[in-house]
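K.L.:
These protein sequences, in sequence, are chains A and B. Here our numbering is used: the first residue of the first sequence is 6, the next is one more, and so on. Here our numbering is used: the first residue of the second sequence is 6, the next is one more, and so on.
Any given hint might turn out to be false.
Since the list gives no way to pick one copy over another, a pair counts as held whenever it fits inside one copy or between any two copies.
To be verified - Derived lysine to any residue pairs resembling SDA-like cross-links, with alpha carbons at most 25 Å apart:
1) Lys-343 x Val-360
2) Lys-343 x Gly-79
3) Lys-343 x Asp-316
4) Lys-343 x Ser-274
5) Lys-343 x Gly-95
6) Lys-343 x Ala-67
7) Lys-343 x Met-92
8) Lys-343 x Ala-371
9) Lys-343 x Thr-26
10) Lys-343 x Ala-269
11) Lys-343 x Arg-275
12) Lys-343 x Glu-301
13) Lys-343 x Ala-271
14) Lys-343 x Glu-139
15) Lys-343 x Asn-105
16) Lys-343 x Leu-214
17) Lys-343 x Arg-107
18) Lys-343 x Gln-383
19) Lys-343 x Val-109
20) Lys-343 x Ala-216
21) Lys-343 x Leu-87
22) Lys-343 x Phe-189
23) Lys-343 x Pro-106
24) Lys-343 x Arg-64
25) Lys-343 x Arg-25
Hints in this document: simulated from the structure, not taken from any laboratory. These numbers come from a predicted model, not from an experiment.
Protein chains: 2
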Amino acid sequence: VTRLARSIVLTIGDELLLGRTTDSNSAWLADRLAAIGAPVARMETLGDVADQIAGAVRRAQAEASLVVTTGGLGPTADDRTLEAVRMAVGGREVDIEIPNPRGVEPARWYEPSDDAGALLVLPGPPREMTALFEAAVGRIRTSLADGLRSVSARTIATTGIPESRLAPDIQPLVDGIDGVEVAFLPDLHGVDLRLTVRDRTEAEASRLLDAAESAIADTVRPFRVSAPSGDVVEALTDALEARGWTLAVAESCTGGGIGERVTARAGASRSFLGGVVAYSNGAKLSLLGVPGLVLEEHGAVSEPVASAMADGAVRAFGSDCGIGITGIAGPEGGSPEKPVGTVCFAASTPAGGVVTTHRFRGDREAVRRRSAQAALVQLLRLIEEGG
Amino acid sequence: VTRLARSIVLTIGDELLLGRTTDSNSAWLADRLAAIGAPVARMETLGDVADQIAGAVRRAQAEASLVVTTGGLGPTADDRTLEAVRMAVGGREVDIEIPNPRGVEPARWYEPSDDAGALLVLPGPPREMTALFEAAVGRIRTSLADGLRSVSARTIATTGIPESRLAPDIQPLVDGIDGVEVAFLPDLHGVDLRLTVRDRTEAEASRLLDAAESAIADTVRPFRVSAPSGDVVEALTDALEARGWTLAVAESCTGGGIGERVTARAGASRSFLGGVVAYSNGAKLSLLGVPGLVLEEHGAVSEPVASAMADGAVRAFGSDCGIGITGIAGPEGGSPEKPVGTVCFAASTPAGGVVTTHRFRGDREAVRRRSAQAALVQLLRLIEEGG
């Protein structure tokens with residue numbers, strides 16, 4: 006009988022034991038390992054002490070079919086993982102090194118043996134760790150082969166509705182489909198629904214996931230992000246490119262965050278012309294042509310100013326579509342009528358426009374991120390609805 | 006002889022092993038335990054499996070003077086911590102229960118014995134966990150008494166130099182001061198040096214940290230971030246405000262990322278007027294007044310264009326200082342003379358200006374983040390040097 010695969014994650018670094026750094030690697034790895042069918046049985050966080058690391062690696066290899074370590078690989082004297090791994094494997098040679106596309110230290114892979122699980126040694130910086138883990142997935146699948154559990158999952162990205170409102174409607178619908186679980190994964194851009202089916206054939210899993218997706222389709226439709234990646238920016242740039250339209254943005258409270266997100270995607274220049282960050286009233290007047298009277302009468306954070314900013318961006322860049330956003334990110338600057346978190350945003354296309362006001366909860370960063378997301382979603386919905 | 010206190014943190018919950026929840030309790034506890042002198046030796050994350058939890062508690066109590074568990078105390082069937090603790094302590098009665106001001110489950114405290122460390126059992130929800138830990142601190146101090154260590158640390162932020170170049174110069178200087186350790190903590194904005202002294206009186210620790218800081222002062226000076234927080238944006242806005250200067254930026258490859266970072270700080274509007282994201286050549290011409298001939302002759306990614314963009318930002322916003330940045334973030338768009346990662350950035354103040362070209366490694370995100378950081382640092386240095 007093949008033993009079902011299970012993993013142990015070891016996270017290494019004195020800074021973690023001092024509480025100076027929150028460990029995001031463990032949760033990321035746990036999620037990915039569950040997804041490829043080698044769920045995590047336990048995780049351990051260790052300091053940069055070679056003896057201690059070596060002991061933990063040996064014990065983990067005796068317990069689990071796969072051990073993944075992160076951290077402690079840097080060039081400095083306080084990085085002890087390689088020394089510890091050499092002690093743990095008793096001088097065995099590394100079976101393969103996977104080059105690091107985002108840094109210096111490669112990943113190291115040791116094949117499993119009769120009495121020890123496979124060992125994958127990864128660097129600690131999350132960008133490097135994630136890229137190298139993905140590069141190692143093929144190797145993990147080959148080596149653990151039949152031991153891997155079958156896990157099929159499908160993610161449906163939503164935006165514009167909190168978990169607390171989404172879950173009570175969705176949960177009973179999914180509970181009605183035997184064998185499907187749903188998890189709600191919220192972040193500042195929205196809530197991802199993850200549907201999971203375990204230990205079924207691929208065809209059966211696919212049938213169950215289809216059934217669950219159908220069951221919740223009507224409920225999620227108003228909030229669903231249409232891009233396959235679940236990324237609103239991808240959905241928006243696809244929608245713009247399909248119509249041959251270009252975009253310019255006028256930002257105040259987000260300070261450049263919308264432009265930053267749009268241009269994070271390679272090829273953004275095909276539809277994105279640019280933006281104005283009009284942090285001062287003077288810039289709203291001179292660069293975006295927001296009328297002084299409108300600013301005076303309604304205040305900088307108002308729907309008329311947001312609309313005038315969107316129009317100003319379209320004019321300044323000669324674009325087809327525009328976004329205007331102005332708000333109070335806090336912690337200062339709120340008033341009884343316009344408390345911190347009040348944000349006005351306007352979207353315009355050649356076919357029409359829309360302007361709304363939201364009141365966001367949370368700190369400055371949360372308000373700014375949610376605002377940028379809401380502005381992008383508003384333009385996307387306007388385009389999708391033919392506006 | 007009193008054994009010096011060390012702690013082990015056990016975090017319990019299936020959701021953590023599935024990567025559904027990022028564990029913030031461990032880092033919080035690690036920080037607090039280090040601060041009260043019972044630093045964490047290792048941390049472990051376990052599922053809701055009574056046998057496994059009991060084994061981990063027993064092992065941890067044998068190793069450490071204090072064991073803290075969080076999670077698995079709820080009312081549902083999958084919460085197994087209490088059952089596991091009863092197995093681990095072999096029927097011993099709890100010594101004290103501390104009532105929960107923010108929830109139902111109290112904290113449970115078991116005094117240390119000759120062969121087992123103290124045990125503190127806390128619920129998992131962070132608001133409840135933190136309140137109950139604070140309520141237990143007096144008990145921890147009394148029980149561990151003389152074993153508690155003193156730990157003092159100081160962080161020095163640097164930017165513009167990689168860990169691999171910084172560490173070989175810094176390490177031997179710190180090694181020369183007995184009792185001081187140094188750790189190097191890199192991210193995309195720079196490398197933090199953390200100096201740590203353990204098991205000394207406060208006065209002695211302070212003297213040693215001063216000595217270490219003096220020893221490395223000359224070496225880190227060119228790269229040191231002057232702001233107390235180590236944040237370049239804070240240092241730059243402080244420098245601008247001290248001189249009564251304002252700032253405007255002209256961004257291309259960073260797409261708004263510089264504006265976004267500057268405005269992430271509350272109160273940015275005191276010195277930041279705004280920016281232009283000139284993603285297209287048309288925008289560079291019309292909004293920033295970059296001469297068409299300069300664009301044609303040198304190309305969009307060139308020092309003359311970066312300088313003209315900085316000047317254009319100063320003109321457009323009427324600011325005292327300007328930043329211009331243009332580059333190739335990739336993955337497309339590189340050429341043999343100007344490969345991906347080539348970025349030109351200009352800074353100007355009323356007293357002068359500077360323009361440089363860097364070639365950054367890494368993917369699109371890394372190039373963009375490092376570019377934004379380098380542009381901010383360049384202006385800060387120019388101001389600090391009186392330029």
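K.L.:
For each hint, tell me whether it holds in the structure or not.
P.N.:
Hints, verified against the model:
1. Lys-343 x Val-360: within (17 Å within a copy, 42 Å between copies)
2. Lys-343 x Gly-79: So Lys-343 and Gly-79 fail the 25 Å test inside a copy (49 Å) and across (30 Å) alike.
3. Lys-343 x Asp-316: For Lys-343 and Asp-316, the Cα distance is within 25 Å only inside one copy (23 Å; across copies 36 Å).
4. Lys-343 x Ser-274: between (36 Å within a copy, 18 Å between copies)
5. Lys-343 x Gly-95: Neither. Shortest intra-copy (66 Å) and inter-copy (47 Å) distances fail the 25 Å Cα cut-off.
6. Lys-343 x Ala-67: Classified as neither; 61 Å inside a copy, 51 Å across copies.
7. Lys-343 x Met-92: neither (63 Å within a copy, 45 Å between copies)
8. Lys-343 x Ala-371: within (17 Å within a copy, 38 Å between copies)
9. Lys-343 x Thr-26: neither (36 Å within a copy, 34 Å between copies)
10. Lys-343 x Ala-269: Answer is between: at 20 Å across copies they meet the 25 Å cutoff, but 32 Å inside does not.
11. Lys-343 x Arg-275: Classified as between; 21 Å across copies, 37 Å inside a copy.
12. Lys-343 x Glu-301: within (15 Å within a copy, 48 Å between copies)
13. Lys-343 x Ala-271: Close across copies (17 Å), not inside one copy (37 Å); limit 25 Å.
14. Lys-343 x Glu-139: neither (46 Å within a copy, 30 Å between copies)
15. Lys-343 x Asn-105: This pair counts as between: shortest inter-copy Cα distance 23 Å, intra-copy 49 Å.
16. Lys-343 x Leu-214: Neither: 45 Å inside a copy, 48 Å across copies.
17. Lys-343 x Arg-107: Between. Shortest inter-copy distance 20 Å satisfies the 25 Å Cα cut-off; intra-copy 44 Å does not.
18. Lys-343 x Gln-383: within (21 Å within a copy, 38 Å between copies)
19. Lys-343 x Val-109: Between copies only: 23 Å across, 50 Å inside.
20. Lys-343 x Ala-216: Result: close neither inside a copy nor across copies, 45 Å intra and 52 Å inter.
21. Lys-343 x Leu-87: neither (56 Å within a copy, 37 Å between copies)
22. Lys-343 x Phe-189: neither (32 Å within a copy, 45 Å between copies)
23. Lys-343 x Pro-106: between (47 Å within a copy, 20 Å between copies)
24. Lys-343 x Arg-64: This pair counts as neither: shortest intra-copy Cα distance 58 Å, inter-copy 50 Å.
25. Lys-343 x Arg-25: neither (37 Å within a copy, 36 Å between copies)
Violated hints, in rising order: 2, 5, 6, 7, 9, 14, 16, 20, 21, 22, 24 and 25; the structure is consistent with all others.
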